[in-house]
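Use the sequences and the hints to build the structure in full.
Those sequence lines, one after another, are chains Y and Z. Heads up: the first sequence begins at 1 in this note's numbering, then just goes up one per residue. Heads up: the second sequence begins at 1 in this note's numbering, then just goes up one per residue.
Worth double-checking, as some hints may not be accurate.
If you only want the chain Z side, here are some residues facing chain Y, beta carbon under 10 Å, derived [what the hints assert, rightly or not]:
hint : residue
1    : Gln217
2    : Val230
3    : Leu232
4    : Tyr249
5    : Ala251
Now the in silico label distances, taken between C-beta atoms and shown as ranges [claimed, not checked]:
hint : chain 1 : residue 1 : chain 2 : residue 2 : range
6    : Y       : Ala14     : Z       : Gln246    : 34 to 40 Å
7    : Z       : Ala251    : Y       : Tyr55     : 28 to 34 Å
8    : Z       : Leu238    : Y       : Ala14     : 35 to 41 Å
9    : Z       : Pro242    : Y       : Ser60     : 48 to 54 Å
10   : Z       : Ala251    : Y       : Met23     : 30 to 36 Å
11   : Z       : Ala251    : Y       : Leu17     : 40 to 46 Å
By construction, these hints were calculated from the structure, which means they are not laboratory data. Glycine included, C-beta positions come from ideal geometry on N, C-alpha and C.
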Amino acid sequence: MGLLAPWFLAGALALGLPVYLHMLRRHKNTPHPFSSLMFFERRTQSSIKHRRLRYLLLLSLRLALLLLLVLAFANPFINRPAAALAGDKLLLLAIDDTFSMRAGTRLADARSQARAVVDARGPSDRVQVLALDSTVRILTQPTRDAGTLRAAIDSVQPGDAHATLDSLARVVRSIGESVRTPIELHLFSDMQKSSMPASFGEIALPANVSLLLHPVARDAPANFVVEAVSAPGQVWDTKKARVQAVIAGYHSSAAKRTVSLVVAGKTITVAEGRLIVKPDYTHA
Amino acid sequence: MQRFLNPDVLAGISGLELIAKTVVQGFVSGLHRSPNFGFSQEFAEYQSYTPGDDLRYVDWNVYARSDRLYLKRYRGETNTLLTVLLDASNSMKYTSHAVTKMDYARYAAASLFYLTSQMQRDAAGLIVFDDELRDYIRPSTRQGQLHRLLAALDRAEPRARTDFAKPILHFQDMLRRRGFVVLISDFYDDPEKIVRAAEPMRFHGNEVLFFHVLDPQELRPKLREPMTLVDLETDEALEVTPDYAQHEYRAKMDAHVKLLSEKVRAAGMEYKLLQTDLPLDDALREFLTLRQGRL
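Have a look at this one:
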């Protein structure tokens, strides 16, 4: 324990004032006229009894009030050991709700794993739920209320965007600055490669944050994506116009796929062809 | 009516005459029989004239025949004389409530004067003293005597110290005629000395009544903490403790009151303790009892 403004302790000298009021001032002996001292004899009480403090309760209250005022001005603080704080941590549950999480039971798996983390948390741990897509949405404030946390987890629905881990890292860094306790970041995601930023430094986390990954796509299924589309800016002759698309397959084998060209909501043409690809190979 | 005898109520009335009238009439209304003896036409006896007697009662026919002065006495007529000796020393200034001992003594004296001179047409006189004789109003039944007496009571402001022996020596000359002598004081002196000083008045055939006026704080002082008390007469200061005032002082004061009353009664005089927070009717009742006993 320490004091931020110890010089205010000089105000403790004011404690002498109530003592003066209760003891010394009361002792002042003002003469009282009396008709005759014929039957009186000089008597002096012992100094201890004479100076006995009166109204002790009132004196105690006055002293306590002054002492509290002095301490309040001195601004006391308590040094708590880090070990004492270790048990008191903040769990951040970031649930990926990007387009890819629609596949299979990924989102349901993510939710159930998040609930499991909530159930397994320590009694003093606080939990905050975040939803991750192209931005980070904060679904709850840090809380120990399991009901609130479960409702927030269940409210996560898949979107159409892709995840951006750099925005998640930014939010976590901001929380880490305001929260002194250790932070555990639990990421429930299918860990899409596209969620990685261009620079790895953008996902650096503060020292008090530990990252725990909860992957929900253990066996990656075959995935086909339109990687690039090349089309003319202006079309003069529709018979001569050509649109070239690059279709890529991930974890895929040779497959037959139908590709449609849709312009302004209107299907222009449908091409069907057989893609002969090797595993993890991109075909045009 | 008892309420009007309360000294705190009387303190709110201005004018001693009105106070005396209030007290006496309030007291009289509470009695079963009127103490107003008044005059009667029923002849009782002749009494030898002594200087100072009211000449109105001299039987001039007898004087013409016998060349001797006699007073005609009628049944019911008292023709007595009251002299109040009022202590006006500084100690009488003391009070712990609205009425000082001096005020209380004035009320008592004024009530006696009213009862005597207005209601019974007797002569009344006043001697005010401290360690000297300060004021003297000769007993008389003359017109305006009550006003003279009340004016003298008004003038009697406390000062100096009490000394019974010296002034009472002078009283002997003034109290030639027999009657009632009421001595009003707080009697802060040796009881033996006080009684010895007052005894000659008794020897002259007077009925002497002691009114011992004390404040309740003097009888039962209540000190919450040690304090310095200053004697009103000597200016001597003394630090006293609540414990002493609670026990030893009370015992000494009680012993003083007891000794004084015993010695006064042993000397054939009467004693009455008057506490300044109590109504005045006790004083009047004591006086009337004494008066009736003598008549």
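Met23/Y and Ala251/Z - C-beta distance against the hinted 30 to 36 Å: The hint (30 to 36 Å, Cβ to Cβ) holds, given that Ala251/Z and Met23/Y are roughly 32 Å apart.
Interface hint status, Ala251/Z versus chain Y (Cβ within 10 Å): holds, 9 Å
Restraint satisfaction for Tyr249/Z [CB to CB of chain Y, less than 10 Å]: holds, 5 Å
Cβ distance range 40 to 46 Å for Ala251/Z and Leu17/Y, holds or violated: holds, 42 Å
Cut-off 10 Å, beta-carbon criterion: hint that Val230/Z touches chain Y: holds, 5 Å
Range hint compliance [Cβ, Ala14/Y to Gln246/Z, 34 to 40 Å]: Cβ of Ala14/Y to Cβ of Gln246/Z: about 38 Å, so the range 34 to 40 Å holds.
28 to 34 Å as the expected CB spacing between Tyr55/Y and Ala251/Z, which holds or is violated: The hinted range 28 to 34 Å holds for Ala251/Z and Tyr55/Y, with Cβ atoms some 31 Å apart.
Range hint 48 to 54 Å (beta carbons of Pro242/Z and Ser60/Y) holds or violated: The hint (48 to 54 Å, Cβ to Cβ) is violated, given that Pro242/Z and Ser60/Y are roughly 25 Å apart.
Agreement of hint Gln217/Z with chain Y interface, Cβ distance less than 10 Å: Where the cut-off is 10 Å and the nearest Cβ of chain Y is about 8 Å from Gln217/Z, the hint holds.
Outcome of range test on Cβ distance (Leu238/Z, Ala14/Y; 35 to 41 Å): Holds, at about 38 Å.
Cut-off 10 Å, beta-carbon criterion: hint that Leu232/Z touches chain Y: holds, 5 Å
Hint compliance for this structure: hint 9 is the single one not met.
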